[in-house]
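Trainee: Sequence:
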Amino acid sequence: MEDYERNSNSPTHEEDSDVRKGPWTEDEDAILVNFVSIHGDARWNHIARSSGLKRTGKSCRLRWLNYLRPDVRRGNITLEEQFMILKLHSLWGNRWSKIAQYLPGRTDNEIKNYWRTRVQKQAKHLRCDVNSNLFKETMRNVWMPRLVERINAQSSPATCEPVESMITDPGQPIKGPIPVEPGFVQFNQQFVPASELSATSSNSPAETLSDVQGGVVNGSGSDPPGQTGFGEFNDWGCVGGDNIWTDEESFWFLQDQFCPETTSYSYN
DNA sequence: AAAGGCTGCAACCGCTCCATA
DNA sequence: TTATGGAGCGGTTGCAGCCTT
Numbered sequence: 027m028e029d030y031e032r033n034s035n036s037p038t039h040e041e042d043s044d045v046r047k048g049p050w051t052e053d054e055d056a057i058l059v060n061f062v063s064i065h066g067d068a069r070w071n072h073i074a075r076s077s078g079l080k081r082t083g084k085s086c087r088l089r090w091l092n093y094l095r096p097d098v099r100r101g102n103i104t105l106e107e108q109f110m111i112l113k114l115h116s117l118w119g120n121r122w123s124k125i126a127q128y129l130p131g132r133t134d135n136e137i138k139n140y141w142r143t144r145v146q147k148q149a150k151h152l153r154c155d156v157n158s159n160l161f162k163e164t165m166r167n168v169w170m171p172r173l174v175e176r177i178n179a180q181s182s183p184a185t186c187e188p189v190e191s192m193i194t195d196p197g198q199p200i201k202g203p204i205p206v207e208p209g210f211v212q213f214n215q216q217f218v219p220a221s222e223l224s225a226t227s228s229n230s231p232a233e234t235l236s237d238v239q240g241g242v243v244n245g246s247g248s249d250p251p252g253q254t255g256f257g258e259f260n261d262w263g264c265v266g267g268d269n270i271w272t273d274e275e276s277f278w279f280l281q282d283q284f285c286p287e288t289t290s291y292s293y294n
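Our numbering numbers the first residue of the first sequence as 27 and each following residue consecutively.
Hints listed in this document are in silico derivations from the structure and should not be mistaken for laboratory results. This one's a predicted model, so the numbers in the text were calculated from it and none came from an experiment. Quick reminder that beta carbons are idealized off the backbone N, C-alpha and C, glycines included. Possibly wrong hints are sitting among the right ones.
Pair ranges (Cβ atoms, derived) [said to hold, decoys possible]: (1) ALA56 to ARG153: 39 to 49 Å; (2) VAL45 to ARG95: 14 to 24 Å; (3) ASN159 to ALA56: 41 to 51 Å; (4) HIS151 to ASP55: 33 to 43 Å; (5) ARG153 to ASN60: 44 to 54 Å; (6) ASN92 to HIS72: 18 to 28 Å; (7) PRO96 to LYS47: 24 to 34 Å; (8) ASN135 to HIS72: 19 to 29 Å; (9) ARG153 to PRO96: 39 to 49 Å; (10) LYS80 to TRP118: 31 to 41 Å.
Distance condition first, Cα-Cα at most 30 Å in a straight line; then the derived DSBU-like pairs of lysine-lysine [stated by the list, open to error]: (11) LYS80 to LYS47; (12) LYS124 to LYS162; (13) LYS138 to LYS150; (14) LYS124 to LYS138; (15) LYS124 to LYS147; (16) LYS150 to LYS162; (17) LYS80 to LYS162; (18) LYS162 to LYS147; (19) LYS138 to LYS84; (20) LYS47 to LYS84.
Throw the hints in and build the complete structure from the sequences for me.
Mentor: Shown next as structure tokens:
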């Protein structure tokens, strides 16, 4: 793709081109923040021209929305936010901006990055496509219940409500019912397309799924090889907002659940 | 300690949608 | 109705910092 300007802080390079690219400097940030505070965050091409920044309007807008905006929330993705991302993505797919509306302070870019770096990594470990039915079912029936369990486990009664009641008006803190779009129905506390639900009624997949879900949620499933007390996790990736499970945990557990014939244990 | 690999994030690009003239 | 410009979106990539060997 494009090559960022070398030594982008260098005045010489700034003079080489009318448009600056690459990382923003503190001075540029200050100019943009100051200009937007006075003139508002609209007409980005005008802002880009009038502010004296040698940036495109698009670049200014992106910098403002993803970084400089006062209500932007930085830091690790919480368990609740992970849950919401999985849930809303199951409803809407890669509609990052729409998903972001239900995660106050989070940007579409941040959510997109989270999905690509964390969730897609899990799919890669499973050697399946992130859009495959297998992966979607894994999310719905394994990871999300697991997240709910962990959210409820970490919550004190005084400070937390049941995760099922989370969310949401766009721009508001997580609260209220999950929005349900036409064509979706609630199934096992998850919203799934009605067509998908009916499709699962044949060939007894529900039995498999309930086995998986019951195994995780109810703690009656088998531990990964070499692991005892699979339901107990260290804090790696817990509140810090990394993976739902560690890579190894998810890989071996799901491999065992869905592809037992291909599992060859070397877990140690 | 050094080198190479990996990961996460910031930022860009191309495309589409929408409003306006 | 069409042309144009701005805004927004999703996909992609470069790079800094961390990790592993």
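Trainee: It remains to establish, for every hint, whether it holds in the given structure.
Mentor: Against the structure, the hints come out as follows:
At roughly 48 Å, the beta carbons of ALA56 and ARG153 sit within the given window of 39 to 49 Å. The beta-carbon spacing between VAL45 and ARG95, approximately 23 Å, falls within the hinted interval of 14 to 24 Å. Between ASN159 and ALA56 the beta carbons are some 49 Å apart, a value that agrees with the proposed interval 41 to 51 Å. Taking 33 to 43 Å as the suggested C-beta distance range, the pair HIS151 and ASP55 conforms, at roughly 38 Å.
At about 50 Å, the beta-carbon gap between ARG153 and ASN60 stays in the expected band of 44 to 54 Å. Taking the beta carbon of each, ASN92 and HIS72 are about 20 Å apart, inside 18 to 28 Å as hinted. The given range of 24 to 34 Å is respected by PRO96 and LYS47, whose C-beta atoms sit roughly 25 Å from each other. Our hint of 19 to 29 Å for ASN135 and HIS72 holds, since their Cβ atoms are close to 23 Å apart.
A C-beta distance of roughly 43 Å is found between ARG153 and PRO96, which places it inside the suggested range of 39 to 49 Å. Between LYS80 and TRP118 the beta carbons are some 37 Å apart, a value that agrees with the proposed interval 31 to 41 Å. At most 30 Å may separate the alpha-carbon atoms for a hinted pair to count; LYS80 and LYS47 meet this at roughly 9 Å. Note on LYS124 and LYS162: the hinted pairing holds, with a Cα-Cα distance of about 19 Å set against a maximum of 30 Å.
Proposed proximity of LYS138 and LYS150 is supported: the alpha carbons are some 16 Å apart, at most 30 Å. Of the pairs offered as hints, the one joining LYS124 and LYS138 holds, with about 11 Å between alpha carbons and a cut-off of 30 Å not exceeded. Proposed proximity of LYS124 and LYS147 is supported: the alpha carbons are some 23 Å apart, at most 30 Å. Between LYS150 and LYS162 the alpha-carbon distance is near 13 Å, which keeps this suggested pair within the 30 Å criterion.
With a C-alpha separation of about 44 Å, the suggested pair LYS80 and LYS162 falls outside the 30 Å cut-off, and the hint is violated. Our distance criterion of 30 Å between C-alpha atoms is met by LYS162 and LYS147, whose separation comes to about 14 Å. Taking the CA atoms of LYS138 and LYS84, the gap is about 18 Å. The hint holds against a cut of 30 Å. In summary, the hint linking LYS47 to LYS84 is supported, as the alpha carbons are separated by about 11 Å, within the 30 Å threshold.
In terms of the numbered hints stated before, the structure departs from hint 17 and from no other.
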